[in-house]
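**Student:** Sequence:
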Amino acid sequence: MSRAETQPYLERFRRLEPSAAEPTWLHGMRDAAIERFAEFGFPSPRLEDWKYTSVRSIATSDFGGAPPARNPFSKRDVAFSLGGDFHGRILAFADGRYAPELSTIEALPEGVIAESLATALAGRPACIEPHLGRVATWDAPEDAFVALNTAFLGDGAFVYLPRGAVVEAPIGLVFLGLRNGAAPISQPRILIVAEAGSRATIVESYAGCGPDAYLTNAVTEVVVGAGASIDHVKLQCESGSAFHVSALQAQQSRDSRFASHAISLGAALARNDVNARIDDAGAEAVLNGLFVASAAQHVDNHTEIDHAKPHSQSRELYKGILAGRAHGVFNGKIIVRPDAQNTHAQQANDNLLMSEDARINSKPELMIHADDVKCSHGSTIGYLDESALFYLRSRGISAVEAREFMMRAFASEVTRAIGSAPVRTRVDELVTARLARGAPLEIA
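Sequential numbering from -12 applies to the sequence shown in the working numbering.
The hints are simulated quantities; they were obtained by calculation from the structure and are not laboratory data.
One or more hints might be untrue.
[Unchecked claim] Here are the simulated EDC-like pairs of lysine to aspartate or glutamate, each with C-alpha atoms no more than 16 angstroms apart in a straight line:
hint, residue 1, residue 2
1, 320, 36
2, 320, 129
3, 320, 291
4, 350, 337
5, 62, 429
6, 361, 326
7, 350, 291
8, 320, 35
9, 62, 72
10, 350, 36
11, 320, 343
12, 62, 88
13, 361, 429
14, 38, 182
15, 350, 35
16, 62, 93
Model the full assembly from the supplied sequences, consistent with the hints where possible.
**Tutor:** Following this line, the structure appears as structure tokens:
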């Protein structure tokens, strides 16, 4: 990418006036991040990790417009993301800014914190400094979007679970986007810190509407302490004209469990990076994903599970349903370090093509540097089973209903793994609606 494409962001950074309430260490982090972004520029298909995904449409667009002065959303829009039966604390953000009027401040167990990141940076910087910008890396050209997010780091969400805390109801983080004429960028930052023995479900949801393009560039950092368990659900229902780029990095301690459920249903172009690093023995990582694309949508899922210590396990299942001229990408990497003996790792990517013009680039990878391991990986690409379709038709089911039924059955292996019943129900509803509509869902 040319310097001309990064220049608007460099100029905007020079005009940036950080809040006086921000800690000084954050200023230094911003400066280092913008230097990296200036050095790297936007990622190019010449990079192996971006081989099948061009971001030229992002790089050549001007995302410098200002968000609306008045919040145009309502709690009904928040319910679109999470469902009306969602009971738990909800932090809502409109065009990247915390919206207390859309949020639901339900009581949390003693010591548990769920608040806007800007508030946390001003009021409790000592809780954030050891983790923010230290879990998600931005020191390589592949990580240029993370560097850009770090440079303009402002608002987002902070979730903190003290030792032994158990939050039964899920915590919802909802990001709403709307563009009319202007094309601004929203760069939310999420930090989740779970101390030893704590447990919670976090739902990170993105939704939008409007015919104009906008960019969401999100970064989530998750620190999972010894014996802690975090279920993370990411639901991406961006507008069909939006661009969505996200990076999630989890860091796991001894005997911890981290489960990611990434559901990607919207955006003209979506890039999702999900990485888990197992830094101590006995930990488990679960990465599940479902992506549905149609028309000319492009969705790219890159995952990495890094087994750095012994006696750990991981399970990964990503499924794609592609119709029209949609293009899907899956690149899943499992690394087993030399010291990570007794590692058990399973990885699978299954893809369903609903048209002859749909295509998928699938690349499961194993990098094993230990000898006492059990690891497997595989990928499948195919069409609907004609004999099964014929069987359903012979039972009086229409061709359209039969196809939708089989697609829902294909997707259900991913969605039923979501532990929270109300979240699972809402995800099933949105997936069913997306398959029936044949186009990205939007806020009404």
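**Student:** Against the 16 angstroms threshold, does the CA-CA distance of residue 62 and residue 93 hold or violate the hint?
**Tutor:** 15 angstroms, holds
**Student:** Can you confirm whether the C-alpha distance between residue 350 and residue 291 stays at or below 16 angstroms?
**Tutor:** Distance ~12 angstroms between residue 350 and residue 291 Cα, so the pair holds.
**Student:** Holds or violated: residue 350 with residue 35, Cα cutoff 16 angstroms?
**Tutor:** 11 angstroms, holds
**Student:** Would the hint linking residue 361 and residue 326 be met if the CA-CA limit is 16 angstroms?
**Tutor:** 15 angstroms, holds
**Student:** Between residue 350 and residue 337, is the straight-line Cα distance small enough, at 16 angstroms or below?
**Tutor:** 11 angstroms, holds
**Student:** Given the hint that residue 62 pairs with residue 88, does the C-alpha gap stay at or below 16 angstroms?
**Tutor:** 8 angstroms, holds
**Student:** For the pair we were handed, residue 361 and residue 429, check the Cα-Cα distance against 16 angstroms.
**Tutor:** Between residue 361 and residue 429 the Cα gap is close to 43 angstroms, so the pair fails against 16 angstroms, i.e. violated.
**Student:** Between the alpha carbons of residue 62 and residue 429, is the straight-line distance 16 angstroms or under?
**Tutor:** Within the cut-off at roughly 15 angstroms; holds.
**Student:** Decide if the proposed pair is consistent with the structure: residue 320 and residue 35, CA atoms, cutoff 16 angstroms inclusive.
**Tutor:** Satisfied, since the Cα-Cα distance of roughly 13 angstroms is no more than 16 angstroms.
**Student:** Can you confirm whether the C-alpha distance between residue 320 and residue 129 stays at or below 16 angstroms?
**Tutor:** Distance ~15 angstroms between residue 320 and residue 129 Cα, so the pair holds.
**Student:** Given the hint that residue 38 pairs with residue 182, test it: the Cα-Cα distance must not exceed 16 angstroms.
**Tutor:** Given pair residue 38, residue 182 is violated - Cα atoms ~38 angstroms apart, limit 16 angstroms.
**Student:** Do the alpha carbons of residue 320 and residue 343 lie within 16 angstroms of each other, as the hint requires?
**Tutor:** Violated, because 28 angstroms separates the two Cα atoms, which is more than 16 angstroms.
Going down the numbered hints, you'll see the structure goes against 11, 13 and 14, while the others check out.
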